[in-house]
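Work out the full structure, taking the sequences as your base and the hints as a guide.
Protein chains: 2
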Amino acid sequence: MPAPAQHIHSPANPLFKDLRRLAQDSAASRKQGRAWLEGDHLARAARARQVRPALAVFAESSWQQSAHEWAGLARQNIVLADPLFAALSALPSPARMGIVIELPLPAQPARFAPGAPTLVLDRVQDAGNTGSMLRSAAAFGFTQVLALQGTAALWGPKVVRAGMGAHFALHLFEGLQPEDIEQLAVPLLATSSHQGQWLHRTALPWPCAWLMGHEGQGVSAALARQASAHIRITQPGGEESLNVAAAAAICLHASAAGREAGE
Amino acid sequence: MPAPAQHIHSPANPLFKDLRRLAQDSAASRKQGRAWLEGDHLARAARARQVRPALAVFAESSWQQSAHEWAGLARQNIVLADPLFAALSALPSPARMGIVIELPLPAQPARFAPGAPTLVLDRVQDAGNTGSMLRSAAAFGFTQVLALQGTAALWGPKVVRAGMGAHFALHLFEGLQPEDIEQLAVPLLATSSHQGQWLHRTALPWPCAWLMGHEGQGVSAALARQASAHIRITQPGGEESLNVAAAAAICLHASAAGREAGE
Numbered sequence: 001m002p003a004p005a006q007h008i009h010s011p012a013n014p015l016f017k018d019l020r021r022l023a024q025d026s027a028a029s030r031k032q033g034r035a036w037l038e039g040d041h042l043a044r045a046a047r048a049r050q051v052r053p054a055l056a057v058f059a060e061s062s063w064q065q066s067a068h069e070w071a072g073l074a075r076q077n078i079v080l081a082d083p084l085f086a087a088l089s090a091l092p093s094p095a096r097m098g099i100v101i102e103l104p105l106p107a108q109p110a111r112f113a114p115g116a117p118t119l120v121l122d123r124v125q126d127a128g129n130t131g132s133m134l135r136s137a138a139a140f141g142f143t144q145v146l147a148l149q150g151t152a153a154l155w156g157p158k159v160v161r162a163g164m165g166a167h168f169a170l171h172l173f174e175g176l177q178p179e180d181i182e183q184l185a186v187p188l189l190a191t192s193s194h195q196g197q198w199l200h201r202t203a204l205p206w207p208c209a210w211l212m213g214h215e216g217q218g219v220s221a222a223l224a225r226q227a228s229a230h231i232r233i234t235q236p237g238g239e240e241s242l243n244v245a246a247a248a249a250i251c252l253h254a255s256a257a258g259r260e261a262g263e
Numbered sequence: 001m002p003a004p005a006q007h008i009h010s011p012a013n014p015l016f017k018d019l020r021r022l023a024q025d026s027a028a029s030r031k032q033g034r035a036w037l038e039g040d041h042l043a044r045a046a047r048a049r050q051v052r053p054a055l056a057v058f059a060e061s062s063w064q065q066s067a068h069e070w071a072g073l074a075r076q077n078i079v080l081a082d083p084l085f086a087a088l089s090a091l092p093s094p095a096r097m098g099i100v101i102e103l104p105l106p107a108q109p110a111r112f113a114p115g116a117p118t119l120v121l122d123r124v125q126d127a128g129n130t131g132s133m134l135r136s137a138a139a140f141g142f143t144q145v146l147a148l149q150g151t152a153a154l155w156g157p158k159v160v161r162a163g164m165g166a167h168f169a170l171h172l173f174e175g176l177q178p179e180d181i182e183q184l185a186v187p188l189l190a191t192s193s194h195q196g197q198w199l200h201r202t203a204l205p206w207p208c209a210w211l212m213g214h215e216g217q218g219v220s221a222a223l224a225r226q227a228s229a230h231i232r233i234t235q236p237g238g239e240e241s242l243n244v245a246a247a248a249a250i251c252l253h254a255s256a257a258g259r260e261a262g263e
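Just so you know, the protein sequences line up as chains A and B, in that order. Just so it is clear: in the first sequence, position 75 is 75 by the UniProt record's numbering, and no numbers are missing. Just so it is clear: in the second sequence, position 93 is 93 by the UniProt record's numbering, and no numbers are missing.
What the hints contain is simulated information worked out from the structure, not anything from laboratory work. Keep in mind the model is a prediction, meaning the values are calculated, not measured. Idealized CB from N, CA, C, for every residue including glycine. The reader is advised that the hints may include incorrect statements.
Chain B stretches covered by chain A per the calculated footprint, using a threshold of three residues with CB under 8 Å from any CB of chain A [to be verified]: (1) 27–41; (2) 190–196; (3) 231–237; (4) 242–254.
Which residues of chain B face chain A? A partial, calculated answer using Cβ under 7 Å [said to hold, decoys possible]: (5) G128; (6) S132; (7) H200; (8) A257.
Dumping the calculated EDC-like pairs for lysine to aspartate or glutamate here, alpha-carbon to alpha-carbon at most 20 Å [to be verified]: (9) K158/B / E215/A; (10) K158/B / D126/A; (11) K158/B / D18/B; (12) K158/A / D18/B; (13) K158/B / E179/B; (14) K158/B / D126/B; (15) K158/A / E215/B.
Here you go:
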């Protein structure tokens, strides 16, 4: 017998309208203090870290087969008429299920750890870049992300989707000011296109914090002054700059590789 | 005196409708044999490589100040009423000028070079990932990109935008079949999440071809069989996989760094 659920058929339903904002508007996660995770992969990534859904949301056509896996876990179950679920989804082919989780996550500490391996994001604009960097941070053994004010909302739907579950392997802190970064007790490494040591010829400290900046303007002067080293990525092709998520992947991987070489 | 231009005020104008498709629909570049480059940065990247615009397109409000730089270069100039230019643009803040170029580029050879440093894309879906990889390829000294059938259209507007001008530093070949890749005379390197040598402990051959696959499915079996080596990226964080553009950046950079170390 399926669990009890609220069925919604009207796009005017206030609960539906809140959900649609959460699933489509990157500012809504902050306003509502919740996040939308669409599809089995993300929902399972949350569950694996003991994050219990506040809501589980199903398309009518998937309710029967999904209920046994998900409906018992959530405090509330909602079944949307299929066209409503499609209107909610920002995916080209809607996943037909999703969960809403409350923020901050239960395991999230109130303050960031000054000595932890860290990725610092300074006003990174693009949600896809931001999600990709969270994924790289988790893959390469970094444990926290500090996002300065002006960075894409980390729990916005596009960042969550691009993060592919990395959000649950990291401690995430948002809305920080440049002076908050001074509290980090690990060396702060900034990438630069025109000064500093070559990455592939540098022995990197561990733990450390990597600083990645705005797609057009790079890292702010106030933050760059705090860096203990400026690191350049060789670009024999002579192009001006890399995509910021590509640069981050190279730097974070170099830290992981250097750490293994030193073991 | 500004150059002569055709002024368009109606969204029903057939020339406008063709332009809008080119600027928004990733399949239109193939159909029309042209590409849309919005904004000064991309238009200048084309001009720096002696690519002459077939059309230059201006918002009415930018026509007076942009004409002296661009209007003399194009075979035809078009001035759009500002709301039409905004309807064409896929950017959050429209650049108010753009050019249309004809494909293939004049400098593009008819066949790919079997011995050149190469990036091979096997059904990569996401336009942002594809553009980021073109940018990394150009930055790290790779000279050509071979895209197998099923990869995002390389001259589609989102790939062009994410490429940030890298399209003009590379020779691009699209619509290839797996058997075409057999004609490459350089070692073909495939990334793998579960087998092969660790990237950071491997001396990489140069020139080489890196093979990057579909975001969900990876590289096809037919192509993986052609690889002369399988390479793993260390992931001490234990995450399952990296974003494909992040993985490509790490691999292409490792080639460039290895080449410098060997010099």
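Against the structure, the hints come out as follows:
no. : hint            : in the structure
1   : 27–41           : violated (count 0)
2   : 190–196         : violated (count 0)
3   : 231–237         : holds (count 5)
4   : 242–254         : holds (count 9)
5   : G128            : holds (5 Å)
6   : S132            : holds (4 Å)
7   : H200            : holds (4 Å)
8   : A257            : holds (4 Å)
9   : K158/B / E215/A : holds (16 Å)
10  : K158/B / D126/A : holds (13 Å)
11  : K158/B / D18/B  : holds (17 Å)
12  : K158/A / D18/B  : violated (30 Å)
13  : K158/B / E179/B : violated (28 Å)
14  : K158/B / D126/B : holds (9 Å)
15  : K158/A / E215/B : holds (16 Å)
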